[in-house]
Amino acid sequence: MMNPTIELNGLEVQLGGRTILHGLTGVLKSRAIGLLGPNGAGKSTLINTLLGFHSPSKGSARVLGIDSHANGKALRSLVGYMPENDAFISKMSGVHFVRYMAEISGLPHNQALERAHEAFVYVGLGEARYRPVGTYSLGMKQLAKLAQAIAHGPKVLILDEPTNGMDPPARKRLIELIREIREASDICLLLSSHLLRDVEETCDEVLILRNGQIASICNLVEERRANRKFLELETIGAEATFTSTLEGLGCECAVFSNGRIKIVMPDSVEIREVFKVAADRGVQIRRMNHRRDSLEDIFLNAMEQTGAADGRI
Amino acid sequence: MAVYKRRYNPYVGSLTPEWSRFFVLTRYAFADLFKSRFFVLLLILSLIPILFFAGYIFIANNKTVQLFMQIRSGDLFSVETKYFIVIMTVQTHAAFLLNCWVGPVLIAGDLTNGALPLFLSRPFSRADYVLGKLAVLGLLLSAVTWVPGLLLFSLQAGLARNGWIWSHLWMIVPMVLCCAIWILMLSFLSLAVSAWVKLRIVATGAIFILFYAPAGIGEMFNAIMGTFWGRLLNFSDMFGLILAKGFREQTGAFGQLYQNEVPVPAAWGVLILLCLLSLVILDVRLRARETVRG
Numbered sequence: 001m002m003n004p005t006i007e008l009n010g011l012e013v014q015l016g017g018r019t020i021l022h023g024l025t026g027v028l029k030s031r032a033i034g035l036l037g038p039n040g041a042g043k044s045t046l047i048n049t050l051l052g053f054h055s056p057s058k059g060s061a062r063v064l065g066i067d068s069h070a071n072g073k074a075l076r077s078l079v080g081y082m083p084e085n086d087a088f089i090s091k092m093s094g095v096h097f098v099r100y101m102a103e104i105s106g107l108p109h110n111q112a113l114e115r116a117h118e119a120f121v122y123v124g125l126g127e128a129r130y131r132p133v134g135t136y137s138l139g140m141k142q143l144a145k146l147a148q149a150i151a152h153g154p155k156v157l158i159l160d161e162p163t164n165g166m167d168p169p170a171r172k173r174l175i176e177l178i179r180e181i182r183e184a185s186d187i188c189l190l191l192s193s194h195l196l197r198d199v200e201e202t203c204d205e206v207l208i209l210r211n212g213q214i215a216s217i218c219n220l221v222e223e224r225r226a227n228r229k230f231l232e233l234e235t236i237g238a239e240a241t242f243t244s245t246l247e248g249l250g251c252e253c254a255v256f257s258n259g260r261i262k263i264v265m266p267d268s269v270e271i272r273e274v275f276k277v278a279a280d281r282g283v284q285i286r287r288m289n290h291r292r293d294s295l296e297d298i299f300l301n302a303m304e305q306t307g308a309a310d311g312r313i
Numbered sequence: 001m002a003v004y005k006r007r008y009n010p011y012v013g014s015l016t017p018e019w020s021r022f023f024v025l026t027r028y029a030f031a032d033l034f035k036s037r038f039f040v041l042l043l044i045l046s047l048i049p050i051l052f053f054a055g056y057i058f059i060a061n062n063k064t065v066q067l068f069m070q071i072r073s074g075d076l077f078s079v080e081t082k083y084f085i086v087i088m089t090v091q092t093h094a095a096f097l098l099n100c101w102v103g104p105v106l107i108a109g110d111l112t113n114g115a116l117p118l119f120l121s122r123p124f125s126r127a128d129y130v131l132g133k134l135a136v137l138g139l140l141l142s143a144v145t146w147v148p149g150l151l152l153f154s155l156q157a158g159l160a161r162n163g164w165i166w167s168h169l170w171m172i173v174p175m176v177l178c179c180a181i182w183i184l185m186l187s188f189l190s191l192a193v194s195a196w197v198k199l200r201i202v203a204t205g206a207i208f209i210l211f212y213a214p215a216g217i218g219e220m221f222n223a224i225m226g227t228f229w230g231r232l233l234n235f236s237d238m239f240g241l242i243l244a245k246g247f248r249e250q251t252g253a254f255g256q257l258y259q260n261e262v263p264v265p266a267a268w269g270v271l272i273l274l275c276l277l278s279l280v281i282l283d284v285r286l287r288a289r290e291t292v293r294g
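Going down the list, the protein sequences come from chains U and X.
Going by my numbering, 256 is the number at position 256 of the first sequence; the sequence numbering is gapless.
Going by my numbering, 215 is the number at position 215 of the second sequence; the sequence numbering is gapless.
Keep in mind that the hints were calculated from the coordinates and are not lab data.
Predicted model only: the values in this text are computed from it and were never measured.
Some hints could be false.
What the hints assert, rightly or not - In silico EDC-like pairs for lysine to aspartate or glutamate, Cα to Cα no more than 20 Å straight-line: (1) U/Lys73 <-> X/Asp32; (2) U/Lys29 <-> U/Glu200; (3) U/Lys229 <-> U/Asp204; (4) U/Lys58 <-> U/Glu7; (5) U/Lys155 <-> X/Asp32; (6) U/Lys172 <-> U/Glu84; (7) X/Lys63 <-> X/Glu80; (8) U/Lys73 <-> X/Glu18; (9) X/Lys198 <-> U/Asp86; (10) U/Lys262 <-> U/Glu273; (11) U/Lys262 <-> U/Glu239; (12) U/Lys229 <-> U/Glu273; (13) U/Lys155 <-> U/Asp204; (14) U/Lys276 <-> U/Glu232; (15) U/Lys91 <-> X/Asp32.
Stated by the list, open to error - Cβ-to-Cβ under 10 Å is the rule here; a few derived chain U residues that face chain X: (16) Gly52; (17) His54; (18) Ile187.
Note that CB positions come from ideal geometry on N, CA and C, so glycine has one too.
Sequences and hints are given; from them, build the entire structure.
Listed below in structure tokens is the structure:
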């Protein structure tokens, strides 16, 4: 059986005498996980704990079944990390810097040089690879950080606010790259961002943190699938026979005032069958909406919830 | 991820042994150092005294050259323990100057732009990191202290013959041990300063101050209290004491008298304590993430 990507068992982390993460418990099984939360929610602390930079005061965190504290070195041998803040050696040329990092990850120097060139061209900095990293623009530095994170071919890619400081085209390109990396290999992705769109475009599952507690764990794939089967109708002339016919097809219906009907369709029922029933019963459908429970809705709901005080879902 | 395909591929090749990866830091640091002409000049200057010492040994053991140069044997002091104390003293002070130039940039360069998390997010511990940086200074300072010391010892042994080597073989131990503690102390001290101060000029100044200011304080303490224990703060003097006693002499290279004063174990203790203090500073500073208390 495959290990979950991330497994948190009552994880508590204290820094400087303050508890930052309060007994997080949850299992995330998807290959691409988004980490969301407002500033100070504990996203970076969680990432740092997964990397073994902080020790848990209670509980444990596992990545691909490896305990981040007890087997930190083994875990870090699988990880490529792109930190949020500036992290480079300014006087080194880009390719030299990435080669250096790849060698520290264990690549022999010739392979490290080859992979450094490949990574630089791959992230779109091929022309700038011989320039000192210190002379790069903010967006280029982000790409250089991504290059060093992927050059050694990690199994887990941890990206902390990867699109920070990037203009919209550069952001779009970076998101495409992240999606490509995810699709092209069996790499697991953990992306922390306060930009919901970044997470929505790249991840299958989100972990939402609030005040160091888990506010929600949401599987976006299932959510998207469920959204497709949830309809809101505004009708004229809908009688009880309309809903009873739909229920006969396996739908669940809830009727509200002014002809508003909410329908949850089973997988076997397509929308055109709803139109067909409406036509047969002489019902006018004046408006039809798929319920689009966007990540923003999920995030805002999670922020409003009060029941997550114990850090559990 | 081949360049022409622009596609991501995971790495499937072989990996280097984990224990050897600290040396990547050392290799890159040396490559960087040798780009500096000033460093190369300083290294050459540090090795020039060795040529003079070697020449002296050659002359001291060669009657023909002595006759040719019209030198009487009595004008030269013999190549014995005292001579090796002089060699070690000169070379360890050259090592100090070399260390003041090289040490301050070793860690500061990585800390300036927050590169440390990149090292520590790999299968690479803080101990590996310190070991990698320490190896730079260790190899460099060894190359100007005990390694040429042993070469000069071999030269003397080869030229003197008559069993000189067997009666002086014990000198290898103090030569290597004394240099080892000196190199360790200098290396840890400059790494600790490098982890704290980012500007080279300030860091170099800080090393000088940390090294010589306590000696002044120690002398004041001695003068006020009428004691000799203040000498414990004179690290250079403590090294001189260890060196002289290690070579079974009562005086240092330049005639300093080491008699009935600070015990040798106390001198060792001070130098080891300095190493430990530096390690504590490194432990505090070399963190992937800083924690703000409160």
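- prompt: So which of those numbered hints doesn't the model satisfy?
  reply: Hints 1, 5 not satisfied by this model.
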